[in-house]
Amino acid sequence: MKVVFERPKTLLEKPFTYCPGCHHGLAQRLIAEVIEELDIADRTIGVGPIGCSVYIYEFIDVDFVVGAHGRAPAIATGIKRSLPDRIVFSYQGDGDIAAIGTAEIIHAANRGELITAFFVNNAVFGMTGGQMAPTTLLGQKTKTTPLGRDPQVHGFPFRLGECLSVLEGSAYIARVALTRPQFIRQAKECIRKAFLTQMEGRGFSLVEILSPCPTNWGMSPKEAVDWLEEKMIPYFPLGELKVKGCDSREAP
Amino acid sequence: MEKILMRGNEAVAEAAVRAGCRLYFGYPITPQNEISEYLSLRLPQVGGVFLQAESEVAAIHMVYGAAATGARVMTSSSGPGVSLMQEGLSCLAAAELPCVVVNMSRGGPGVGNIQPAQSDYFQAVKGGGHGDYRLIVLAPSTVQELVDLTYRAFYLADKYRNPVEILGDGMLGQMMEPVTFREPEFPPLPPKDWAIRGKGGGHRKWIVCLDLDPKGLEELNLKLQRKYRLLEEQEANYDTFGDPEPEILLVGFGTVGRILKSVVREGMREGLKLALFRPITLFPFPRAALFEKAKGVKGILVVEMNLGQMLEDVELAVRGKVPVFFLGHTGGVIPTVSEILEHVHGLLREEIRV
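Read top to bottom, the protein sequences are chains A and B.
Heads up, the first sequence stops at 252 in our numbering, and the numbers go up one at a time, no gaps.
Heads up, the second sequence stops at 354 in our numbering, and the numbers go up one at a time, no gaps.
Excised from the complex, chain A in its bound form (with noise of 0.2 Å):
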C-alpha cells in the first residue's frame, strides 16, 4: 500500500498539549514538514520565545535555545553571528513579538539579519490568561478589555507584517492563516519561501501566522475559525506583504 500521508520524522512523536482548537500545532507541523522537506534538520537551531509558543522546542526535533520574553530575535542574531552557515529561526506569539519585543524584531529586520521568524498572531495573551494583545481587535472583549478595545485607551491593533515591510533589510514578508486547506497549503509555501530566502542570504524573513484561541476568546473550535476569517482576515490579509530579489517565485 502507499503511503500518501504520515508525520514528517521531524515532528516528535508527541501528543501536543495545545488546547483544543488551538492552530500552535498545526504551525509547528508544517514548519517541521518544510524543514524535513528543505533537508536541513541538522543544521537548523529555533528560538523559542516566551508564551504558548515556547513550547515548540518540546515538538520539533532540531536544536534549541530558548531565552526571555521577546528577546528571540536578538537571541536568533547572536546565534546565526555565531554560526552563519546555520539556519535559525524564531517562533513567537504576538506578546512575545509585537509589544515587549517590538525593538528586537524591528531591529533584527532592519540589519536584514538572516533569520526567519514565525510569529503566531491570537489576538490575545494565551499562556497568561486572556489579556489584551497587541493584535487584539477594536472593540474585542479580553481579560483587560472588558468592555472591548477602545482606541481612545488602548490605541489600534499592530499590523506587525507591513510594519516590517518597509524596512529596507527585510526580504519576505508574509501572512496566513491555517483555517482551511487550501489556506494550509498556501501557508506551507510561505514557510518554504522564508526558509529559502534566509539560506539564499536576501535578508530577514517572517511569516505571521493567524491563528485562533477559542480558549480566551471563548468560544468553540468552530465558533473560532468563523471569527477569525470574518473578523481577523479584514484587518490582517493574507497573503505575501513583501518579496524582495527573488524572481521567480510566485504569490500563493
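By construction, these hints were calculated from the structure, which means they are not laboratory data.
Just so you know, not all the hints are guaranteed correct.
[What the hints assert, rightly or not] Here are the computed distance ranges between Cβ atoms for each label pair:
no.	chain 1	residue 1	chain 2	residue 2	range
1	B	G47	A	L38	25 to 35 Å
2	B	T240	A	K14	54 to 64 Å
3	A	F16	B	G202	34 to 44 Å
4	B	I4	A	E36	47 to 57 Å
5	A	K143	B	K223	28 to 38 Å
Heads up, the beta-carbon is just placed ideally off N, CA and C, and yes, glycines get one too.
Position chain B relative to chain A; hints supplied.
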C-alpha cells in the same frame, strides 16, 4: 616582553581578543565607548564579529545566543546600560552560559553622571536581576590587572559555565598605563559538549532558562548554589600590602585599592602600622582570608566610591570581632590620599586609642 602604553578600555578589548573572544555585542555609553570602538576594527581582523545592538537589552540577549553556541563572547557597558542587561544576565546564569560583561561604572543612581564610581557593587555582586543567582565578579585596580583579569574572566566563565562581570570604573577605563599581554597558562577546560550548533548527525539538544516543574527548578537552584560554594572555596582572590602586623587594616577594591596603596605607603613613612586588603574577586568575596587578616588589628577602615556597599561584606566577613569604619564618596568624587590618611589619624586619635 614589550610594554605598550594603553588606555584601560582599549587594553580590556585587546585582552579579550587575545583570550579568544570572537563576538562582541554592545550599545554606546560613556565612559566605556573605546571598548566597542576598538573591537569594531579589531574583531573583523581575526574573523570575529562586532555588532552594535539597538539597546543593551538586545546586546545581552545576542550574547545569550552566541554563548549558547559555545563561542567566547562579551559585551561592555556602564551602570545604566548594565541595569538594562539584568534580565539577560539572570537568563545567562539560569542557563549556565559563559560570557564576559565589562562594567566601567559611573555615578548613579538614575542617569547619574559619567564620572567614576563604585556604586554598582550591590548590582554586580548580589545578583542584580531576579532569582537566586550570582555572577563571578572581578575587580581590577590597574590597567595591567585589567588585562590579566580579562584572560582569567574568559577562563572562569568557561570553567564554571557562568557569566563573569569585570567591575571597573570610568577612571580605570580612561587611564593610560604601560601593559604587557602575558598569555596565562590555564589548566585545560572541559569540552563544550552542551553547545547548540545544530544536531548534525546526533541527538538534538536545547538550552532553556525555565523549568515549569517546581522540583526541577529547585534542583537547578541547588546546583547553582553548589557551584557558588565551590567558587568560594576555590576562586576567592585578594591582594595585601603593607605592615605584616597592622593596627589599622584598609579595605578597598578597584580604583580605591590603588589609592589605598598610596595611603599605606604614606602612612608607613609617618610611622603608622597600616596594611591594605584588596579583594580581587568581589564574588566570591575573600571572606575567610579577610577574617584571618583582621585578627589582631585594632580597626578596619573600608573606603569605597559609594556610600557603603562592600562594607556589608566586610562586616559579615569579620563577624563583629573588629570594629569596622567607613569612608565613602560617590557621584564621581574620588577620595584622596591625604583625606584618607587624615581619617586614619582621626580614628587612631578618637575611635580606637592605642
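Those earlier numbered hints the structure runs against, lowest number first: Structure breaks hint 3 only.
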